[in-house]
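Engineer: Let the hints inform the model, and build the full structure from the sequences given.
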Amino acid sequence: MKRTIIAITMMAIASGVFAQGAIISKYFDQFSNNDEYVKVSVSSKMFSLFTELEPDTEEEKDFLEAISKLKGLKMIMGDSVTDAAKLYSKAIADVDKAGYEELMTVKDAEENIKFSIKDSNGIIQELIMVGGGKNDFVILSLFGEIDLKNISKLAKTMKVDGLSRLKKLDED
Amino acid sequence: MKIESRQTMKILYLFCAIGVSAPLMAQEKPLKDFAEGIRDRKICLYASTLRMINLEKNADFNQLVNGIDKLLIYTLHSDPGERSGYQSLISSYQEEGFDEYVSLTGDSKMLMIYGKEGNKDQFVGVSNVEGYRLAFYLKGEIGWQKIPSLLQNFNNNVIFDFIQNDLSSELND
Numbered sequence: 760m761k762r763t764i765i766a767i768t769m770m771a772i773a774s775g776v777f778a779q780g781a782i783i784s785k786y787f788d789q790f791s792n793n794d795e796y797v798k799v800s801v802s803s804k805m806f807s808l809f810t811e812l813e814p815d816t817e818e819e820k821d822f823l824e825a826i827s828k829l830k831g832l833k834m835i836m837g838d839s840v841t842d843a844a845k846l847y848s849k850a851i852a853d854v855d856k857a858g859y860e861e862l863m864t865v866k867d868a869e870e871n872i873k874f875s876i877k878d879s880n881g882i883i884q885e886l887i888m889v890g891g892g893k894n895d896f897v898i899l900s901l902f903g904e905i906d907l908k909n910i911s912k913l914a915k916t917m918k919v920d921g922l923s924r925l926k927k928l929d930e931d
Numbered sequence: 045m046k047i048e049s050r051q052t053m054k055i056l057y058l059f060c061a062i063g064v065s066a067p068l069m070a071q072e073k074p075l076k077d078f079a080e081g082i083r084d085r086k087i088c089l090y091a092s093t094l095r096m097i098n099l100e101k102n103a104d105f106n107q108l109v110n111g112i113d114k115l116l117i118y119t120l121h122s123d124p125g126e127r128s129g130y131q132s133l134i135s136s137y138q139e140e141g142f143d144e145y146v147s148l149t150g151d152s153k154m155l156m157i158y159g160k161e162g163n164k165d166q167f168v169g170v171s172n173v174e175g176y177r178l179a180f181y182l183k184g185e186i187g188w189q190k191i192p193s194l195l196q197n198f199n200n201n202v203i204f205d206f207i208q209n210d211l212s213s214e215l216n217d
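One line per chain: the protein sequences are U and W, in this order. Quick note on our numbering: the first sequence kicks off at 760 and runs consecutively. Quick note on our numbering: the second sequence kicks off at 45 and runs consecutively.
Hints are computed from structural coordinates only; laboratory data are not their basis. Careful: at least some of the hints might be erroneous.
Stated by the list, open to error - A few chain W positions that, by computed beta-carbon distances, are all more than 10 Å from chain U: (1) 80; (2) 82; (3) 134; (4) 145; (5) 146.
Claimed, not checked - Among the chain W residues that face chain U by a calculated CB cut under 8 Å, a handful are: (6) 113; (7) 148; (8) 188.
Being a predicted model, the structure only gives us computed values, none of them experimental. Using N, Cα and C, we set each Cβ at its ideal position, and we do this for glycine too.
Structural biologist: So this is what it looks like as structure tokens:
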């Protein structure tokens, strides 16, 4: 009985670990050989470089706080996608089906963006952003320990194409 | 007898020095071999020279580079991602204990950075982004916390253009 409980617990933990990033990994596999899409991957090793640094200013403190708790970032984006709307709908359906909780949707004349999260004990473990415009498509997954306010500040600081959409997390 | 022992010590020191530096040289070698067929220029920079090319005298940039022991840059004339041997370059560094830090592919762009933590961190990378075709090897500490203020207040192109054009032509003259 004890063994069965341990085995079930182990399987539950393992499935949780594997589930993290599963959606974005699926899209990475789908577009791995398609040069029309830019694929970006930042590993936990990169983020770990920021963990033992001493900030000199408040701005640096915010930056280090936001970035040091992250474990990975993956993003796929394309700006001349022929079936962008279809791709956006499919990605939204995949995210919903995988049990992510909707956080926020932003719709404007140019594009739709939807933010969804997966949390554990009140701590956000993964943030997925799906964006789609007339010819644009972007799907981004951030995993680790995520503080939405800090992520928005990070996006404002980094001035990186694609990440800039995360600024919307602190708007409204 | 004293002279003999002094000479023995010198030889021992020499062996130790070679022993210490040889693995570091070995870790530059796969990148050097990879870049050899497609490189325009080879530029070797240290913290002092990096501070020197900081023409805007930006204090954050200086703090970013102060801990760098060595930065070796190859400017390339063709896409490194298309170069045969790209996969074996990655395999060579993985065998040396380097891990993937960043990768970017698609839309005719590519960037890969592998790193290895240790007494002195080491990073190796190749890129073809926004017209900057480079391969690099870096040893030392980077002041990563300076990145936000650099992105906000510093024109990075000054450094990149200097490496890509001015410094390269100076070295060639």
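Engineer: Look at each hint and say if it fits the structure.
Structural biologist: Hints, verified against the model:
At roughly 26 Å, the least C-beta separation between residue 80/W and chain U is larger than 10 Å, which holds for a residue marked as non-interface. For residue 82/W, the shortest C-beta to C-beta distance to chain U comes to about 20 Å, beyond the 10 Å cut-off, and the non-interface label holds. At roughly 14 Å, the least C-beta separation between residue 134/W and chain U is larger than 10 Å, which holds for a residue marked as non-interface. A beta-carbon of chain U is positioned within 10 Å of the beta-carbon of residue 145/W; the least distance is around 4 Å.
With a least CB separation of 5 Å from chain U, residue 146/W falls inside the 10 Å interface cut-off, contrary to its annotation. Taking 8 Å as the C-beta cut-off, the interface hint given for residue 113/W is violated, the closest approach to chain U being about 16 Å. The beta carbon of residue 148/W is positioned within 8 Å of a beta carbon in chain U (closest approach about 5 Å), and the interface hint is therefore held. The interface hint given for residue 188/W holds, since its Cβ lies 6 Å from the closest Cβ of chain U, which is under the 8 Å cut-off.
The structure fails to meet hints 4, 5 and 6 from the earlier list, while all remaining hints are met.
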